[in-house]
Amino acid sequence: MTNFLSLADVADLDALIRSGIDAKANPFADQHLGKNKTIGLIFFNSSLRTRISTQKAAQNLGMNVITMNVGQDSWGLEMEDGVIMNSDKAEHVREAAAVIGRYCNIIGIRAFAELKDRAKDYQEQVMHQFARYAGVPIVNLESATRHPLQSLADCITIEEVKQSNPSLPAKPKVVLTWLPHFKPLPQAVANSFSEWMNARAKAGDVEFVVTHPEGYELAPEFVGNARVIYNQDEAFEGADFIYGKNWSSYTHYGQVLTQDPSWAVTMNDIRLSNHGKFMHCLPVRRNLKVSDEVLDSPHSLVIEQAANREWSAQAVLKEILLTL
Amino acid sequence: MTNFLSLADVADLDALIRSGIDAKANPFADQHLGKNKTIGLIFFNSSLRTRISTQKAAQNLGMNVITMNVGQDSWGLEMEDGVIMNSDKAEHVREAAAVIGRYCNIIGIRAFAELKDRAKDYQEQVMHQFARYAGVPIVNLESATRHPLQSLADCITIEEVKQSNPSLPAKPKVVLTWLPHFKPLPQAVANSFSEWMNARAKAGDVEFVVTHPEGYELAPEFVGNARVIYNQDEAFEGADFIYGKNWSSYTHYGQVLTQDPSWAVTMNDIRLSNHGKFMHCLPVRRNLKVSDEVLDSPHSLVIEQAANREWSAQAVLKEILLTL
Amino acid sequence: MTNFLSLADVADLDALIRSGIDAKANPFADQHLGKNKTIGLIFFNSSLRTRISTQKAAQNLGMNVITMNVGQDSWGLEMEDGVIMNSDKAEHVREAAAVIGRYCNIIGIRAFAELKDRAKDYQEQVMHQFARYAGVPIVNLESATRHPLQSLADCITIEEVKQSNPSLPAKPKVVLTWLPHFKPLPQAVANSFSEWMNARAKAGDVEFVVTHPEGYELAPEFVGNARVIYNQDEAFEGADFIYGKNWSSYTHYGQVLTQDPSWAVTMNDIRLSNHGKFMHCLPVRRNLKVSDEVLDSPHSLVIEQAANREWSAQAVLKEILLTL
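Chains as they are written, first to last, in numbering that gives the first Met the number 0: chain A, 0 to 323; chain B, 0 to 323; chain C, 0 to 323.
I should point out that these hints are in silico values taken from the structure, not numbers from a laboratory.
One should not assume that every hint holds.
Same chains, same names: a pair is fine if it fits in one copy or spans any two.
To be verified - Distance condition first, Cα-Cα at most 30 Å in a straight line; then the derived DSSO-like pairs of lysine-lysine:
#1 Lys201 - Lys88
#2 Lys34 - Lys115
#3 Lys170 - Lys201
#4 Lys36 - Lys182
#5 Lys201 - Lys182
#6 Lys88 - Lys34
#7 Lys170 - Lys36
#8 Lys170 - Lys23
All values reported here derive from a predicted model rather than from experimental measurement.
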């Protein structure tokens, strides 16, 4: 693996999931791989899970870690080519990426969607500019349209549940549901989860359904062959996994079209499902998107998902280290 | 030791002080204890000594360290249970604590008093919520009402002075004095110092006196059996240690009742004492709370106290690591 | 080497340059030197290259690294002696430096010029106060008037080009040129580069020329014996290295006297030179100070210069570690 920007960079998804599960069982087995190797973690946005779990995974592998908050530890970065740089952005990504690539063996980047210009966000300029100029592997720590380390952790989590619950169907039903929120959020986690679940569905590992209010359709390249059901109750029938997430509209880009509280997940929804497990990438706003009752019940997988971020990062970093 | 939230978590104070003094003499003797162990240091507030000394202590013990500034590196955290999370706080401590506890073997937390609601501050919600949900040991890096790593460093400092000054009385007189300041500060350091000195007094190791203007009485559970003298000059008579600190009123909660400059410590005060040593937890505002002359004289222990923060943290982390 | 504040702290510049080149060839050869040693990197200002390269260099040498942003991670620091500390600066450098010096074996400090009071900036108060009170070696990570780690990296870069280009003259012509900018910037990089190039010129290693518009004369102690030419085209004739940098006026202190775009470096300027290499310390504002065409051509050394920051830091830290 040279970069980890999206699912397209994964040669063998099953193997990567197994590698994550192996790392969880034996975290320090590959400590020699990272000796005298450094990862730079560059944050354009806030982070808790990604920041800590990726540092931890790198240290498990024996790497050194350097973190930097852009615009706080350092100055702002210009992403556009050919401009006269007379704005508040003092450095161009061409230099920043190339320079960090000379200090670090791998670079992780977090850069959220701005939700102003859809074409711009969906071009994934920051990731691509870093990948183009850094000269070293780039790891996506959540970009404008994707969060693949989260999706890998989600796959690991579903796989663990399957392995420990022989009563689950061979192709469990996984439902991605939109949740209400008062702020416009990026589509990255929902996009990425769809992308990865479509791959799992294609391989015969899951059945994948998406449910949301009208107007919240995801981009066609992410919905793929998923079945879209606009009635949440119908979608939840027989679900083995309910994956909740809010996102702003893709078609009316970045807009909040409704905050309809009936879309929040409560125990009534769980009861519609097949003793369904509840998943969310966190942070989650309790009682706005999901009820306390669900989150504090044995149905919730949210902490395990977050814990698995360490192992998804470790699986990815290990695969990259093996190519260095 | 499972948590280090306050003196109540210390089984054997003498042993802990000795452990700190041993670490100072031989900082790297226990480096095997922390191998492949990670401490997460979570700051809700600014920090210099605590930030650096705790990192250093953990590294002396062979640990990995991950630091995070809440609301700067990550988003704000909701502490109240049962609320609908529609404020600016995007994540609940239930998730944050549980997740960080999955990445880290020990979590250190700094969260100052807000000085608005006394009952709330004195409930120590942040520490208790983290202790409840993290699933791993919690270390208090200064909470709303206590700063036990500072108090342990203070005990180590006093013990060192006793050991190197045979002429000191067996029960030296320790005076905690209020100092003037224009801003309302928490009572945490004064509370904690009182708590620990009362324990030392009970064991026959010191005589403990508190002096402050009327209205600055500390909470009864912290004053304990200390002698309170409202006349500073009288309190300083024969003092072997003068411990200065400003705090805002506990009874008129969070208020500045006076800024009377006569309460600042100068060489005149030292002369009233028994060649008394001056102590302060730092940062200290020079010439507002204490004169340059005192701080730059051999009477001052403030740098040694701060240096001993490394060894108090190391003693605590070692004791916790031994239980993991 | 006890401190690295300026060229005056360098006993043997040739040896230091060679040490940097050796470190680049064999980065981990001296890893034993830094074992159980800690460097504290204290930033009063933003940093990208310095932050990452110095961390990396210290880790190459086996050191632990602790970074701190003053006024963000910690509170502001008072630098003036004898004042009553009733401003927003809660801690005095006397305590901060002494305390950090108790935790760290070496301290790196970045503190830019404020460009308000020339005498104050040129006194280098922050560096000198830290050097006075820390009790451990201080490394200048860019101060009000100098950036010696940059200058050492620049010397390494020029030396590398000389070694790999036998056709270069024995005494290549190095031209420092002022570049246009809309914001007032410190003179530190230009001062430092002049100081180091004057030393190289004195040793017969280079010919050194400075060019800038009238009113941008550097301080006499930094210009030294350099030839100053006010006509940029004339200065560039036969140049082997063109070192670009903007700085605000020293004589009209901190002012922007002109933004004349004809001073920006383009391929026309390169063509005037002797196939000259372009150098800049970065960050650089593209198409304001230098054209894309120059920066993206083989004439540009800017990425190599930045990469060499790691080796200049490693050479300096190694020399300091050898004295501890």
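Hints versus structure:
| no. | hint | result |
| --- | --- | --- |
| 1 | Lys201 - Lys88 | neither (44 Å within a copy, 39 Å between copies) |
| 2 | Lys34 - Lys115 | neither (42 Å within a copy, 47 Å between copies) |
| 3 | Lys170 - Lys201 | within (11 Å within a copy, 67 Å between copies) |
| 4 | Lys36 - Lys182 | neither (40 Å within a copy, 38 Å between copies) |
| 5 | Lys201 - Lys182 | neither (34 Å within a copy, 56 Å between copies) |
| 6 | Lys88 - Lys34 | neither (35 Å within a copy, 39 Å between copies) |
| 7 | Lys170 - Lys36 | neither (40 Å within a copy, 38 Å between copies) |
| 8 | Lys170 - Lys23 | within (24 Å within a copy, 54 Å between copies) |
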